[in-house]
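Numbering (the numbering used here), first residue to last: 99 to 617.
Hints are supplied without guarantee of correctness; some may be wrong.
FRET-style restraints, in silico, Cβ to Cβ [said to hold, decoys possible]:
1) 569 x 522: 32 to 40 Å
2) 501 x 476: 19 to 27 Å
3) 363 x 570: 20 to 28 Å
Because the hints were derived from the structure by calculation, they are not lab data. Remember, predicted model here, so these are calculated numbers, not experimental data. Every residue, glycine too, gets a C-beta built ideally from N, C-alpha and C.
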Amino acid sequence: MILKKPYAFLIKNFKRIHFILFILNAFLSYYVYKTYKFFLDYQKIGKTFFKDDLVIEYIKPSMFILIGLCILVLITIVVLLNQKQKPIKLYIIMISYYVILIVFLLLNAKYLNVLQFDGLEPKLVRMFKDLNFLSLFIQVIFSLILLIRAVGFDIKKFDFGTDIVALEIDVSDDEEVELTTGIDIDDVSGKSRKRLRELKYFYAENKSVLIGGIILVILAFSILFYTKIISNETYKEGMIIPFYRSELKINKSYITKLDYKGQTISPKGYSYIIIEFDVKGIYTEPKEMSTDNFRLNANNNNYHITTRKYKNFTDMGVGYIDQKIPTGETKTYIIVFEVKEEDIKEDIILKYADSKTIKGSKVIINYKDIKINPNDIDKVNDFGPFSLNSQSYFGYSFLKESHLTINNIELSNRFEYEVNNNKIPFSSALNNTIIKLEYLFDLDEEVTYISNFKDLINEHGFISYNDGENISKLSFVDITPEKYVGNAVFLEVSNKIKESDNIFLIITIRNCRYTYKLK
Numbered sequence: 099m100i101l102k103k104p105y106a107f108l109i110k111n112f113k114r115i116h117f118i119l120f121i122l123n124a125f126l127s128y129y130v131y132k133t134y135k136f137f138l139d140y141q142k143i144g145k146t147f148f149k150d151d152l153v154i155e156y157i158k159p160s161m162f163i164l165i166g167l168c169i170l171v172l173i174t175i176v177v178l179l180n181q182k183q184k185p186i187k188l189y190i191i192m193i194s195y196y197v198i199l200i201v202f203l204l205l206n207a208k209y210l211n212v213l214q215f216d217g218l219e220p221k222l223v224r225m226f227k228d229l230n231f232l233s234l235f236i237q238v239i240f241s242l243i244l245l246i247r248a249v250g251f252d253i254k255k256f257d258f259g260t261d262i263v264a265l266e267i268d269v270s271d272d273e274e275v276e277l278t279t280g281i282d283i284d285d286v287s288g289k290s291r292k293r294l295r296e297l298k299y300f301y302a303e304n305k306s307v308l309i310g311g312i313i314l315v316i317l318a319f320s321i322l323f324y325t326k327i328i329s330n331e332t333y334k335e336g337m338i339i340p341f342y343r344s345e346l347k348i349n350k351s352y353i354t355k356l357d358y359k360g361q362t363i364s365p366k367g368y369s370y371i372i373i374e375f376d377v378k379g380i381y382t383e384p385k386e387m388s389t390d391n392f393r394l395n396a397n398n399n400n401y402h403i404t405t406r407k408y409k410n411f412t413d414m415g416v417g418y419i420d421q422k423i424p425t426g427e428t429k430t431y432i433i434v435f436e437v438k439e440e441d442i443k444e445d446i447i448l449k450y451a452d453s454k455t456i457k458g459s460k461v462i463i464n465y466k467d468i469k470i471n472p473n474d475i476d477k478v479n480d481f482g483p484f485s486l487n488s489q490s491y492f493g494y495s496f497l498k499e500s501h502l503t504i505n506n507i508e509l510s511n512r513f514e515y516e517v518n519n520n521k522i523p524f525s526s527a528l529n530n531t532i533i534k535l536e537y538l539f540d541l542d543e544e545v546t547y548i549s550n551f552k553d554l555i556n557e558h559g560f561i562s563y564n565d566g567e568n569i570s571k572l573s574f575v576d577i578t579p580e581k582y583v584g585n586a587v588f589l590e591v592s593n594k595i596k597e598s599d600n601i602f603l604i605i606t607i608r609n610c611r612y613t614y615k616l617k
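Using the sequences and the accompanying hints, generate a full structural model.
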């Protein structure tokens with residue numbers, strides 16, 4: 099293995115190295131100036147001068163390459179000077195600044211991307227203008243210092259002449275040194291010691307190169323992150339997707355033809371895709387995510403949100419219609435698309451407009467893509483029959499952790515209830531039969547589209563009975579008195595039910611059917 103003695107090389111090429119650093123820093127200063135000038139012009143005029151892409155125009159990948167090279171050279175200088183106890187404070191400051199600059203450039207890229215589509219608040223524009231000016235100012239200072247050291251640096255401050263005498267560094271210090279890395283197969287212990295010794299030599303002589311390699315790896319990851327910010331990569335369900343005014347996460351997605359009552363509502367040849375998502379407001383004030391910015395791409399065909407169908411999917415969540423998202427809060431909504439069945443294949447992409455690019459007179463909308471995998475929920479699942487006093491669990495439906503127990507049933511033409519110790523009778527106006535159902539209903543607190551058992555049976559229930567050899571469906575009218583207080587409902591039905599030995603309450607929650615044997 100052939101190595102160089104790097105300290106002697108540094109002494110002999112000190113001015114050249116600093117001139118190279120000056121050139122790298124000057125190019126970087128030019129790029130920072132362009133970004134500062136953009137924000138300055140934007141603040142003055144109040145509109146965006148569109149390029150093909152603002153991020154590509156002002157935050158170039160070459161900036162990260164320049165920073166990486168600067169950091170690599172600076173770390174090499176720090177390591178070599180520190181070994182000889184020379185002043186290194188300036189170089190440490192420069193390295194720290196360049197690491198911070200990487201983070202700042204990524205932040206610049208994010209908000210330039212935002213600015214293309216939504217614009218920025220004046221105070222954010224001022225902040226980025228001032229930060230870019232500060233960055234430019236520091237760059238100029240560094241450039242001047244590096245230039246001074248490149249063309250007229252006082253070498254006496256570093257006392258390299260003393261080094262050459264005291265350390266006996268001469269021309270031989272710049273010669274190549276050969277390290278033998280042969281293997282003594284006859285002596286394993288000796289071989290290990292030899293390898294360890296050579297490793298120490300290698301590390302001592304090439305410490306700067308090793309550290310530089312680590313920095314390059316870090317830089318590579320930074321560039322990868324940068325690319326991720328500006329590229330239109332495809333996200334997946336469950337991932338947090340950053341936008342200008344919010345953060346979005348797709349929780350679940352479904353395919354169905356049924357409404358919340360389990361009835362088919364889709365036109366022939368169509369199904370509905372329902373997407374549930376969490377959205378967090380990260381703007382300085384409540385802002386909305388426009389429904390016009392959503393698209394569903396299925397089989398290369400684009401579909402828009404169908405807000406008029408939200409009422410059919412109230413069990414699945416609150417439909418999103420441009421509601422403002424409070425800052426710092428997370429809300430859960432659904433959106434609905436009516437899609438041709440022939441287009442429902444493997445690759446279904448939810449697209450949201452994140453920025454725009456103007457090329458001449460043409461406006462190109464840039465979307466962030468989220469791949470969804472909707473589950474078909476139209477297969478009906480039967481639960482029960484549940485007898486009186488047995489508890490049913492709704493965990494497989496959209497009622498989540500809700501439970502129901504039917505305790506008792508009574509049939510009569512006349513009932514009475516008590517208000518302030520007074521018994522108040524009531525009966526069917528049409529002389530029909532009244533069913534009194536006593537129940538215990540525990541509703542999951544996350545369910546908001548119904549609030550009690552009356553809502554449950556009125557929205558999802560019907561009565562069936564055995565009419566001779568056939569099972570017949572019987573509609574009912576809830577006539578529970580408004581002043582009645584208790585765990586019972588009173589349902590008016592046809593007198594035909596009196597002739598039946600088997601009476602059932604059927605509750606259908608979309609694709610889950612619960613049967614309760616009342617008699």
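Status of the hints after comparison with the structure:
Between residue 569 and residue 522 the beta carbons are some 36 Å apart, a value that agrees with the proposed interval 32 to 40 Å. Remark: the range hint 19 to 27 Å for residue 501 to residue 476 is upheld by a beta-carbon distance near 25 Å. For the pair residue 363 and residue 570, the beta carbons lie near 24 Å from each other, so the given range of 20 to 28 Å is met.
The structure shown violates none of the earlier numbered hints.
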